[in-house]
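What follows is the residue order along each chain.
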Amino acid sequence: MSKLKSDFFIRDFSHIYIEKNVIDHPMTRDILKRFPEAVRVEIDHYKDVFNRSRQQFPVQKQSQKLILAEKTGEKVYPGADVSQDFGHEHFYYTSSILNCIYNCSYCYLQGMFPSSNIVMFVNQEDFFQEVDALLARHPVYLAISYDTDLLAFERIAPFASRWIEFARERETLTIELRTKSVNYAAIRHFQPAENVVLAWTLSPDEVIRRYEPLTPSLDMRLKSMKQAMDDGWRVRVSFDPILYIHDWQAQYKACVARTFSTLPADKIEDVSIGVFRMARDYLKNIRRTGSQSDLIYYPFECRDGVYSYPEELAEQMIRFVRGEVEQYIHPENIYL
Amino acid sequence: MLYLVTALYNEAKPFIDHYQLKKVPHTSKFQVFRHDDMVLVVSGSGAFQSAVATTYVLTRFGHDETSNILNIGIAGAVQKEGPYQEGDPVLCHKIVHHDNGRAYYPDILAEHRMKEGSVETFAYPVGEAVRSDVSADLVDMEGAGFYEAASSFLSPHQIYCVKIVSDFLEPSAVSPQKVTRLVARTLSELEDLIEVARGITAIHRDVLTEEDHRLLKQLAGNLKLSQTLSHQLTQLAKQYRLRTGKPLTGLLDDYTELVIESKHEGKICFEQIKERLLHT
Ligand code: SF4
Chain A
1 MSKLKSDFFI RDFSHIYIEK NVIDHPMTRD ILKRFPEAVR VEIDHYKDVF NRSRQQFPVQ
61 KQSQKLILAE KTGEKVYPGA DVSQDFGHEH FYYTSSILNC IYNCSYCYLQ GMFPSSNIVM
121 FVNQEDFFQE VDALLARHPV YLAISYDTDL LAFERIAPFA SRWIEFARER ETLTIELRTK
181 SVNYAAIRHF QPAENVVLAW TLSPDEVIRR YEPLTPSLDM RLKSMKQAMD DGWRVRVSFD
241 PILYIHDWQA QYKACVARTF STLPADKIED VSIGVFRMAR DYLKNIRRTG SQSDLIYYPF
301 ECRDGVYSYP EELAEQMIRF VRGEVEQYIH PENIYL
Chain Y
1 MLYLVTALYN EAKPFIDHYQ LKKVPHTSKF QVFRHDDMVL VVSGSGAFQS AVATTYVLTR
61 FGHDETSNIL NIGIAGAVQK EGPYQEGDPV LCHKIVHHDN GRAYYPDILA EHRMKEGSVE
121 TFAYPVGEAV RSDVSADLVD MEGAGFYEAA SSFLSPHQIY CVKIVSDFLE PSAVSPQKVT
181 RLVARTLSEL EDLIEVARGI TAIHRDVLTE EDHRLLKQLA GNLKLSQTLS HQLTQLAKQY
241 RLRTGKPLTG LLDDYTELVI ESKHEGKICF EQIKERLLHT
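First to last, the protein sequences are chains A and Y. The first sequence maps to residues 1 to 336 in the working numbering. The second sequence maps to residues 1 to 280 in the working numbering.
Honestly, the hints are just simulated from the structure, not real lab data. None of the values given here were measured: they were computed from a predicted structure. Among these hints, one or two may not hold up.
Stated by the list, open to error - Taking CB as the label site, the calculated pair distances span: (1) Y/GLU265 x A/ASP304: 30 to 40 Å; (2) Y/ILE268 x A/ASP304: 24 to 34 Å; (3) Y/PRO247 x A/GLU311: 28 to 38 Å; (4) Y/PRO247 x A/MET220: 31 to 41 Å; (5) A/PHE35 x Y/GLY62: 35 to 45 Å; (6) A/HIS246 x Y/ARG113: 41 to 51 Å; (7) Y/ILE260 x A/HIS246: 22 to 32 Å; (8) A/ASP205 x Y/GLU195: 36 to 46 Å; (9) A/ASP266 x Y/GLN227: 53 to 63 Å; (10) Y/ASP64 x A/ARG11: 25 to 35 Å; (11) A/ARG319 x Y/GLU265: 31 to 41 Å; (12) A/TYR335 x Y/GLN227: 35 to 45 Å; (13) Y/ILE268 x A/HIS246: 17 to 27 Å.
Beta carbons are placed, not taken as given, at the ideal position from N, Cα and C, and that holds for glycine.
Could you build the full structure based on these sequences and the hints that come with them?
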């Protein structure tokens, strides 16, 4: 009998590659406890595995491995131009994890990283130290779920929880935890922190079905958000990236309406809106490695090194979604 | 194409018999055997030999994203009371070159039923006397050379290194007959691995079929499209294929016979085709 596609691949996290110098790190030991069956492979440096040449991101995605490593050098970066800074002067981002368990078709990670294996930097204490050094100079706004969906991993490695605890004791630090997951339950036991913003990315169900494989449905996300808001957390909504799909107006109209019929609009921190955009080289890489999503092959236009929809269409999409959101949210609280 | 690389003829024999491989005449100093899309090369002993033979077959018979290559050979296990027994096939997740300390990591994506381990490649047969020099589970004389060469052509998930435990640091105790016997006993596991390897690489082939490519080439010629537009046409076609799951023929048939007079006219047709590929 011929085999199914899923029979060919060994399960995710079947192998854990561990840098020699973090083998005894407490976070390493905690993570390993969750995967007693995994094959452990000792390595010198995470790049020996992560940066090998000719890796195929989409193929590896079918059986993702874990790499436990120590992050050396810079750990916290000033915000990139394309990201929204929500009016904060000192906007930074950091990545405790590289790559994601979800598989969004539009994700830039596919084009940015040579591998889809997941790297976890277990030396979180060094990240904290760097943030403290910045805080000594000025207040800091820090996006902690960059280049990954941090909360989606919370049951494997509690990075988000530790960031929340860290932030709670530092008034001049604000952290944003962005997610598509419904893992709110994993941090629910905490008292809501004033300087922690939980941000959910929302999409119409049709987009989720076609372009956000493995992520929770819109309803599930809304349920988590509602819970977080009821518990007293600051919650941000993000309709980003908006995608040009058949019937997009009806789809996004319904999505916005459903969002604000579930969530109390007056208690929402703010809303960010953006259309699909991706750095030119990343899109090129994704096309080269043979993405199996139609989205990637859309005739995007390149402006200033960034691919997006033709200008007129992009503006039309933003205008439309913004118009829908403005029925519920004050324009001052909408970020483009 | 599926490639097998063995150091010795005795290691190759069970595959030659099982897959009915026929000798390819007048190749090189290496013995090469083939049947359909399976090619086996006998490299001779040593990392360097293995690297040269691997490079030779991959260049001579070609490679693409559907290719797979396996190094299969005997190896010594370092620990007698360890996890490996004589005759065990071991899929290597780490290959160390003893001479320069470099380590290689093939992707282990394939579901398999072998034990796994690391192998260290030495320039000489490893006996008891050098046990303390070994950092891996197994020792061989080819793995690192094979991997280094294969990884110049293929992705890490297309490369497999399977070592069959023949001894416990007593290489002289392994007769040629024993080698053949040990390899023959692992045929069923290896056959499964080959099937899975082929299955994995078959999934990730080009979005467009050969027929699609022919059609697009013909259209680009007919419409006198520049290289940029012709590239855009291919991207649009992929987008259409993945979005609808339908073939290109049928949708674009009316353009295949078209002869245009000027580049300008070609551009107009391109815009019409673009519209069709985006919105049908
Ligand atoms: S959830 Fe975010 S990081 Fe994860 S795959 Fe989707 S876009 Fe990428």
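Of all the hints given earlier, name the ones this structure violates by number, lowest first. none
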